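*Asks:* Chain by chain, the residues run as shown.
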Amino acid sequence: MRAGLCTMTVMTTLLVGAAAHGAPDPESAKLLKSTSDHAKFKVLEQDFKTGPEVTKACLSCHTEAAKQLHLTQHWTWEFLNPDGQRLGKKHVINNFCTSVASNYASCTTCHIGYGWKDDKFDFTSQVNVDCLICHDSTGNYRKQPGLAGNVVTQPMEIPPGSGIRVKPIDLKKIAQAVAKTSRDNCGACHFFGGGGDGVKHGDMDSSLASPDKALDVHMDATGNNFACATCHMTEGHQVPGSRYAPTAQDKGGAHLRGKEYTTNPTTCQSCHGQAPHKANAKLNDHTGKVACQTCHIPSYARGGIATKMSWDWSTAGKMGPDGKPLIRKDAKGHVIYTAAKGDFVLGENVVPDYMWFNGKVKYTLFGDKVDKGEQPTLINHFEGSASDGKSLIWPVKVMRGKQAYDPVNKTLAVLHMAGNDDTAFWTNFNWERAVAVGMASVGAPFSGKVDFLATESTWPITHMVAPAKDALRCRDCHASGGRLEKVPGIYIPGRASDHAGWLDAAGWAIAVLAMLGVLVHGAGRVIVSRRNK
Amino acid sequence: MKTRLSPINVLSYCLLGCSLFAGAAHAADGDWKRGRVYYQKVCTDCHTAKAGGAIAPNSRTMADWTSYLKADKHAKGKESLKKYASKEYRVSVKATNKAAEKYADVPDEQLFNDIRTFMLKGAKDGDSPASCL
Chain D
1 MRAGLCTMTV MTTLLVGAAA HGAPDPESAK LLKSTSDHAK FKVLEQDFKT GPEVTKACLS
61 CHTEAAKQLH LTQHWTWEFL NPDGQRLGKK HVINNFCTSV ASNYASCTTC HIGYGWKDDK
121 FDFTSQVNVD CLICHDSTGN YRKQPGLAGN VVTQPMEIPP GSGIRVKPID LKKIAQAVAK
181 TSRDNCGACH FFGGGGDGVK HGDMDSSLAS PDKALDVHMD ATGNNFACAT CHMTEGHQVP
241 GSRYAPTAQD KGGAHLRGKE YTTNPTTCQS CHGQAPHKAN AKLNDHTGKV ACQTCHIPSY
301 ARGGIATKMS WDWSTAGKMG PDGKPLIRKD AKGHVIYTAA KGDFVLGENV VPDYMWFNGK
361 VKYTLFGDKV DKGEQPTLIN HFEGSASDGK SLIWPVKVMR GKQAYDPVNK TLAVLHMAGN
421 DDTAFWTNFN WERAVAVGMA SVGAPFSGKV DFLATESTWP ITHMVAPAKD ALRCRDCHAS
481 GGRLEKVPGI YIPGRASDHA GWLDAAGWAI AVLAMLGVLV HGAGRVIVSR RNK
Chain X
534 MKTRLSPINV LSYCLLGCSL FAGAAHAADG DWKRGRVYYQ KVCTDCHTAK AGGAIAPNSR
594 TMADWTSYLK ADKHAKGKES LKKYASKEYR VSVKATNKAA EKYADVPDEQ LFNDIRTFML
654 KGAKDGDSPA SCL
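Chains as they are written, first to last, in this note's numbering: chain D, 1 to 533; chain X, 534 to 666.
By construction, these hints were calculated from the structure, which means they are not laboratory data.
No experiment lies behind these values; they were computed from the predicted model shown.
Per label pair, the in silico range of CB-to-CB distance:
#: 1; chain 1: D; residue 1: Val345; chain 2: X; residue 2: Ser592; range: 25 to 33 Å
#: 2; chain 1: D; residue 1: Arg165; chain 2: X; residue 2: Thr629; range: 37 to 45 Å
#: 3; chain 1: X; residue 1: Thr581; chain 2: D; residue 2: Lys67; range: 45 to 53 Å
#: 4; chain 1: X; residue 1: Thr594; chain 2: D; residue 2: Pro488; range: 53 to 61 Å
#: 5; chain 1: X; residue 1: Lys615; chain 2: D; residue 2: Ala179; range: 26 to 34 Å
#: 6; chain 1: D; residue 1: Ala471; chain 2: X; residue 2: Ser619; range: 34 to 42 Å
#: 7; chain 1: X; residue 1: Pro662; chain 2: D; residue 2: Leu31; range: 27 to 35 Å
Sample of chain X residues facing chain D (criterion: CB under 8 Å; computed from the structure):
#: 8; residue: Trp565
#: 9; residue: Val570
#: 10; residue: Gln573
#: 11; residue: Lys574
#: 12; residue: Ala632
#: 13; residue: Lys635
#: 14; residue: Lys654
Over the 12 Å line for every Cβ pair with chain X, so calculated as not near, a few chain D residues:
#: 15; residue: Asp83
#: 16; residue: Gly258
#: 17; residue: His381
#: 18; residue: Phe452
#: 19; residue: His499
#: 20; residue: Leu519
All C-beta atoms, glycine included, are put in the ideal place defined by N, C-alpha and C.
The shape of chain D in the complex, shown without the other chains (with noise of 0.2 Å):
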């Protein structure tokens, strides 16, 4: 008996102790998080075989969420341009992987949904939207390419043939962790756009994950920690601030709590306002002209993380010595040359370029002429001016390039890259063959002829925001070859393209003369009281 209650007494201790050992704190701040534990909900405790099965079990409570997400650009990937264009990913062509098109089952790996493997996906399909790349909380869910936006729960080997085997996902785990969005969901697409890790934004890389305050105030995991929906204030599963639609110069004032707004959220006025700077007043009569990022983002991909800068396809497709596709990499182990997809230039703490911008981007898509002369074709194109009273001075990244064309009937082509087929560029390596195939697909015709001309796209850079004291000063811009030196239509006193020397001239004169009056007054006043004396 004493025996029992001495063992009782040691267990409840250490009952009591693992509990106090749960820390409370911790306890209460989970709890508060979410009025549901998703562990507890019978319909997530399933052994899912695939994802479409999770959804199903997520729409039972969640009635509404899949038709929401039907009206998102995350899941129709298109986009219409206040001027007509048809926009998306599901359209555009880029300098970087080029196109969606003919590619579907490798690129629709970040897509919203399950299952869109070619031009017949069903876009009314509810349980075909992929719940849980966005509110996954484990970390641990994957979409792996090639698999059309599926998930792997058997293990299996990726790509075929390849002797890499990837391990299953365990989905109830997942389903039955769900959370509100964190930069991990949204970065698992795009921090890795243009396929790899900070390859197409430069201002987006998986660094932004849990970054320091050194590389974004607001993301700073140590301090503010924004998740990405902070900024993108999202209602309906509608996210604004999309790079489609954006705003370049918001005459708005912060957003007040209660107050309904129509405007952007994203914006940095939408929290600090027209007038942020106070200990320095004088930089607020810069916010007409010049976009904040433009100072506060001195350089991007900060993070340890290299960009493209340019990447040049007319090379791609050389074998190594040993017969083997070839591969070359640079002193930092960075891979700079694959026969897959040609010559990269990388960069790191990247200068960005600076030019007015409206808020208005226009496009070359498929089927518009383009032609190999002196200046490269523009794959889309930032429309603005100093004197539209629309446009700030915005900081970009220009990606430069080197991509396929039909030379015959003056398009851009379409690639069909990925794919276990003999035809895709990355099977056998030839581009006639290739270009056929992702021509066919989008119904444009091809002349059978390839050949290559110099490209830029142009992104808007926005994220990284550095802390006050790494913001650009005064000198950065107001010098001889300064940052915006380049930026027409503007008077920055102090850049060379603003020096007249004349008026230079005409000032020192000005000056000299008066120094001269100073000095002859100066000394009649001296002799006339010596004299008076």
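Following the hints, position chain X against chain D.
*Replies:* Frame of chain D, contents of chain X only:
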């Protein structure tokens, strides 16, 4: 000889079971994101500055990390590894380390478990192999 358990003993064993379960559940449920921040901003920062470079979670297997963490040895066995996740350590560096400052009040075992969860998840054969970034 048949031994009969007294009600007190039965209750004791129930409590033992509960406490073990609680401990196991706790070990399994570490906050990997907090562990990641601490691993990157405290462990890796210090290793990079003073110990010859970072050690990526994906440079070891889950078994390697499990035995390393269990051994609780740091600096070639000269110190306890847990010391570097302790409140005492965090307080000592919080003036210069924002992650240590942010997590200054997290109980030692809890933070250690968070770090463990991140390392195992990020191991070479873990669910989500992680580099140092």
